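**Q** Residues per chain are reported as follows:
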Amino acid sequence: MKYEVDLLGFYGKYGGSFVPELLHANIKELENNYKKIISEVAFQKEYYSLLQDYVGRPSPLFYAKRLSERYKTNIYLKREDLNHTGAHKINNTIGQILLAKRMKKNRIIAETGAGQHGVATATVCALMGLSCIIYMGEKDIKRQAPNVARMKMLGAQVRAVSSGSKTLKDATNEAIRDWINNPIDTHYIIGSVVGPHPYPEMVTLFQSVISEEMKKQLMDKIGRSYPDRIIACIGGGSNAAGAYYHYLDNNKVELVSVEAGGLGIHSGKSAASSILGSDGVIHGSLTLLMQDQDGQIEEPYSISAGLDYPGIGPLHAHLIRTGRTKVLYATDLEALTAGFLLAELEGIIPALESAHALAALEKINFRKQEHTVVNLSGRGDKDMQAYMEYKNRKKDGKK
Amino acid sequence: MGKNRLDKLFNQQKEEVLSIYITTGYPKIDSMPILVEALANLGVDFIEVGMPYSDPLADGDTIQYSSSIALKNGINLDKYFEQVQYVRSKVTIPLLFMGYFNQLLRVGIDAFLSKCVQSGIDGLILPDMPPELYEKKYKATFEKYDLSLSFLITPTTSDERIRLLDKLSTGFVYVVSTSSTTGNVTAFSDEQVQYFKRIKKLKLNNPTIIGFGISNREKFLIANKFTNGAIIGSSFIKALKHAQNIKTTTEEFVTKIKKG
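Here the protein sequences come in this chain order: A and U.
Residue numbering for the first sequence follows this note's numbering, starting at 1 and increasing by one per position.
Residue numbering for the second sequence follows this note's numbering, starting at 400 and increasing by one per position.
What the hints contain is simulated information worked out from the structure, not anything from laboratory work.
If you're wondering where the values come from, they're calculated on a predicted model, not measured in any experiment.
Cβ coordinates follow ideal geometry from the N, Cα and C atoms, glycine included.
Some hints could be false.
Claimed, not checked - Listed below are the simulated PhoX-like cross-link pairs for lysine-lysine, each with C-alpha atoms no more than 20 Å apart in a straight line:
| hint | chain 1 | residue 1 | chain 2 | residue 2 |
| --- | --- | --- | --- | --- |
| 1 | U | K543 | U | K596 |
| 2 | A | K139 | A | K269 |
| 3 | U | K535 | A | K13 |
| 4 | U | K427 | A | K13 |
| 5 | U | K535 | U | K566 |
| 6 | U | K471 | U | K407 |
| 7 | U | K427 | U | K471 |
| 8 | A | K13 | U | K538 |
| 9 | U | K566 | U | K599 |
| 10 | U | K536 | U | K407 |
| 11 | A | K166 | U | K471 |
| 12 | U | K655 | U | K640 |
Said to hold, decoys possible - Residues of chain U placed beyond 10 Å of chain A at every Cβ, according to the derived structure:
| hint | residue |
| --- | --- |
| 13 | R505 |
| 14 | L601 |
| 15 | Q643 |
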């Protein structure tokens, strides 16, 4: 495996643990325990049984016939949108809550952007009877109201974050500060493959169930365990990491990561973190991020709250810089259009995040015999307001 | 040891070393040189000169707030080094850069440290510099420029790790008084005092300075029983927030700490 972390937690030059000493003991405790715990038979049994009976896995791999006809190729959708709570995020929160329980933590904190990770965390906390605090940017609270209501109904306390850009980056800062201030009883469930080592590796492993299932499902459908291409959106990159994981060493599989182009990647209003980014440290890991010449982290923009993040996970930085993944981007408009197209052709309303992955279908030259999997990371219920505003603008003849 | 001003200070003075933290660009973009001169004239021993950062993970609300105001005021690295260079021509007090690793990484570690030396900085405090990486990759560069780097230790740091951080630190070891972000504490608890005693017993090679939550003369004096001195940050920044005249406010603040 060329794409595993080294002893200090680096993927090639990216990753590591750049955290204040105040966090060192917390991180070390996690690092020392988590591999042992998650490889225990009892843990694995409980994890997979919850994934099956509570989350509803395996998630289907659906052959999208009309979409395939349109692009004159074979397109499959990995239906993470059908998971309990409506996105891939719960694969990770189930794993981390079981870990937290075994580490005797009774207070759970998490950050959230689109609210999907917040909901997935609030859900598993309710399931296990642990107290739950979710940090969420003020701006995201406004644009993802349905998810805020869900978190509250599930018993979580949602704390509004008003620093910086008031989005995911700042919510993550606040969650980290909370963990610094509560080092003994608290576990921090990071929602993406970001943060200090061992988080990127751990979240990747919990999400890798996506590609694990894909192997079997493809074998049944096309008689071989791998596709020609996998397309996934990346903000931090957890759904992409999970969809890629078991194919990282198989160079026959092209991996395509789609970043949020916002209003256009050169508009100054985007979240195309690797395309516009350079080496830097964010939330405790060295990766590619959007920053100015002084190393001040820039405020990203995307219509999709889940992709509105100025960095990417260090695994992705490594995959991109070594040429293993190919990066495309989709603008707000392209994503919205792709969302409507999927609704029209396949009867599925995708999350705006996943709509970015679908938008990339327009930018790829497919061969007829190829098999492409799009990781449909979440469902679009939470984004209905944005979809409807777009539709009404179109109806009024404005752009 | 070279001619580093911080080393000189600790060679001459072992007790009641008083350091003040300021945020460059706060409250006004050009306040820093005025504050440094005032603090030096009042007999403060060294100054932590903060360079605001967009994502200051180790800072509490007060310093975060001052950083965001300073960045809005238009402070940047060029202006920071210009102001340091200007004030260095007027004072000999040791000045430490306080900031985050990414600020160095972006410019390049060697280039950044070279700028520090040229402008008159004596050392750095970088809360998120990983010690293992420092030892492997950056220690030699810090030594080349004769710049100190003070690592932080906290109540959750094991004795063994404290020894490691003491070995890697130059200048002094920064004793974080609490397992908490800055400015969160009103009085020392018994646990904190036990922790200070543990540090004192370890007889570290470097001088020790307590920071985080030192808000008044009483706490400054307690800190001095166990270490070589203390750094005051948040409570001075708070005082500046409502200052009519930053010089007068600084005089009143430092006098209260030093004389009660």
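**Q** Hints first: check each against the structure and report whether it holds.
**A** Status of the hints after comparison with the structure:
1. U:K543 <-> U:K596: violated, 35 Å
2. A:K139 <-> A:K269: Measuring from Cα to Cα gives roughly 15 Å; hence the hint holds.
3. U:K535 <-> A:K13: holds, 14 Å
4. U:K427 <-> A:K13: Violated, because 39 Å separates the two Cα atoms, which is more than 20 Å.
5. U:K535 <-> U:K566: It holds: about 14 Å lies between the C-alpha atoms, which stays within 20 Å.
6. U:K471 <-> U:K407: Measuring from Cα to Cα gives roughly 36 Å; hence the hint is violated.
7. U:K427 <-> U:K471: holds, 10 Å
8. A:K13 <-> U:K538: This hinted pair holds, its Cα atoms lying about 19 Å apart.
9. U:K566 <-> U:K599: holds, 16 Å
10. U:K536 <-> U:K407: violated, 27 Å
11. A:K166 <-> U:K471: holds, 16 Å
12. U:K655 <-> U:K640: With Cα atoms ~18 Å apart, K655 (chain U) and K640 (chain U) stay inside 20 Å; holds.
13. R505: violated, 3 Å
14. L601: Non-interface label stands for L601 (chain U): nearest chain A Cβ at 16 Å, farther than 10 Å.
15. Q643: holds, 27 Å
When the structure is compared with the earlier hints, violations turn up for hints 1, 4, 6, 10, 13 and for no others.
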